[in-house]
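Participant: Here is how the chains run, residue by residue.
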Amino acid sequence: MSETDTTDTRAAIEGENPEEIADIDPEEDSDVERAAREIPPGRPLRVDDLRMEFGGLTAVDGAGFAIEEGSLTGLIGPNGAGKSTTFDCITGVHRPTGGSVKLHNEEITGLQPHEIAARGLVRTFQITRELQEMTVLENMLLAPRGQQGEALWRAVLPGVRRSVQAQERELRERAWETLEFFEIDHLAEEYAGNLSGGQRKLLEMARALLTDPEVVLLDEPLAGVNPTLERKLLERIDELREQGYTFLLVEHDMDVIMENCERVIVMHQGRVLADDAPAAIRENEQVIDAYLGANV
Amino acid sequence: MDTVTECGCGQRGGPMSSATERVAARLPDNDAVLILGVLFGLYVGFTVLGMALGLDIAGLASTLQRITFFAAVYALLALALNLQWGYAGLLNIGVAGFMAVGVYTMAMLTAPASPAAGGVPGLGLPLWVGVVGGMVAAALVGALAALPALRLKADYLAIVTLGLSEIIRLTYNSTTFQTFSIAGADLGTGASQGIQTPTNPVMALYYTTPSSPAAGTTGLGEAVFGFFGTLGLDEPVVVDWTYTIVLVIFVGLFYLLLTRVGNSPFGRVLKAIREDELVASSLGKNTNRFKIKTFMLGCALMGLGGILWQGSQELVNPALFLPIITFYVFIALIIGGSGSNTGSVIGGALFAGLLFEGPTFVRRLVQQTVDLGGAPNTFTDAIAALGSLDVGPLLAYALADVSSLRFVLVGVVLVYLVQNRPDGLLGHRKETAAAVSLARERTAAGQTDGGATEANDE
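If you're matching them up, the sequences are chains G and D in order. Heads up: the first sequence begins at 1 in the working numbering, then just goes up one per residue. Heads up: the second sequence begins at 1001 in the working numbering, then just goes up one per residue.
Quick caveat, the hints were computed from the structure, so don't treat them as lab data. Since this is a predicted model, take the numbers as computed values, not measurements. A virtual CB, placed ideally from N, CA and C, is assigned to each residue, including glycine. Mixed in with the good hints there might be a few duds.
Claimed, not checked - So these bits of chain G aren't anywhere near chain D, every CB distance computed over 12 Å:
1) Gly55
2) Pro78
3) Gly110
Said to hold, decoys possible - Rough simulated footprint, nothing fancy, chain G against chain D, three-plus residues with beta-carbon under 8 Å:
4) 1256-1269
5) 1431-1439
Start from the sequences, fold in the hints, and give me the full structure.
Facilitator: Right, here's the structure in full:
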């Protein structure tokens, strides 16, 4: 693949940080480390030459990028640039028609959404998809991976059930703590359907984090969120990054992107137009033509 | 914490629904009390009806037994359906078919290898093998239906199951399989004549030879029949009641099992699948596996429900498994409120009492107290009399065919419920899907609110 990888997108990535990309590949023993829940340093998520065609329409046309651990990377672009489709391809909602997606060097291209989530890559949705008829706590407790009680026989058999209950108590504590962290613990027993738009955004992020993910894809988490909540969410993201979580953020609010992300990927017509620090993006002629226009 | 919960319920509907929520809040907390209350209400109602009809004690006992029997079988089936539809949102309109698979498999496995004249040969296996085999077969047929349909949307599963249910019934009806042999063993379905089912095992409690009561009674039989004989209850009533109690015990077991399934991480995933499958899979849940497991468990329980109901009737034939049975089970579940196990049981009881048995009794009572004259032969004749303000012929016409009247009644109830009580008679119930109470445990510092303990723990 390396010979053919002379596209601009790839060049853009390599030009950015060639040495870091080079030292990802030799990490063959990362499985063991991951099992110990230690995230190997480097680039947890890497997308190469991603393509998604719907019939005659090419939504993603050879997009490629890699994001760094503990980073907050912005993904921007005009409507129809292929951002959400890229998200859908990464998370398995769509099976890409070409290219590859790697999570810590492990190929996850074309896996089912649940298989990808189980490997530590979770997403939130552009339009919040909280489970309305379930309480906030039930929503939260759905998330953790490796729940014993998800096996039918363990849920039912009297003796085994006790260890399920013990795990439930543990998870309950974690759920409460996470809700506290997002300052929505007072809504814990409320139905998720009764929450306001901003609270739903918080819940969705809290729920995603409870899966104990390595990479979190946030699809417009700030749309329709009031400025106070927005600041709160961004503060949360910052705190979480310090704990080692990696975020990829789709957002239309340029100020948010420019002020908070250390790197910005600009997509246009299914391709990566630029992949650089915010300041450089601001100056990029192509980006200004395609997207920013008079905004900057 | 409590105030938040109550607010939550109140906000869900308009002022009307918050009023009903308040009434519901005053109802006994204990679901067992609720179920027993409904059953008691039915008993009182039918005792009054029976006395008005002039039934003696044996007649009353037999009436209440019939009510309890149907309440129990509909509760069993509604509980099984609630797992699939109420929890996981899997629309299975083939309940009757899965019942048929359970009963027929049980009958074919247990029928004697060399039957009496006119009987259908079977494998002659013990009853428990037949029951387990029936449940397994129903689960496997369920998997067969679910595997292709799960890739599609819910509506397609519904159509597949409805079609499958009819295919199953027509297969059992077909003369091709009346008798056939596999690997040297003769067996058959009996086609439209049906197949005999094993002697009800409760007979063995009372009779030395269960298949022929005339041969003599056991010691227990002697004592029990003697005791109830003095009350005026004859042997068949006692035997029928005994089996009905067995059914009630099974309702309890189904309830316990399904409540455990519901109040567990497994049940939580099912609820999430019902709400939004993509969310569940985006959180790492293999939703197809959950759906298939749930569908198979539900079908196995429907098979067992079928065995307990039709399998106890000495002879089964394909006409017992018409799709109308499925719709009755759906009505029972809708009455009680899908998503709630308590609702399923109450719905089963109310359906059996008020909609299934009730009309028959009302007809008998009306016919006994009011002389409506002969029922007109056609609907036109019945309507024509209205011209002279005589409602008698219409009433007589309606009562003459009680099963048609039942259809009308079921339809009216359904329309009313869907419009006014979409969550069932019990209203919306907050049943948390977790193996423990989710209220926060008090820490030593005691900085948080409330004080709930492990109420859900067992």
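Participant: Now tell me, hint by hint, if it's right for this structure.
Facilitator: Hints and how they fare:
In this structure glycine 55 (chain G) is separated from chain D by more than 12 Å, as the shortest Cβ-Cβ distance comes to about 21 Å. No beta-carbon of chain D comes within 12 Å of the beta-carbon of proline 78 (chain G); the shortest separation is about 26 Å. Its beta-carbon lying about 15 Å from the closest one in chain D, glycine 110 (chain G) satisfies the requirement of being farther than 12 Å from that chain. Judged by the Cβ-Cβ criterion of 8 Å, the segment 1256-1269 of chain D is covered by chain G as claimed, because 9 of its residues qualify and three suffice.
Only residues whose C-beta sits within less than 8 Å of a C-beta in chain G count toward coverage, and the segment 1431-1439 of chain D has 7 of them, enough to reach three; the restraint holds.
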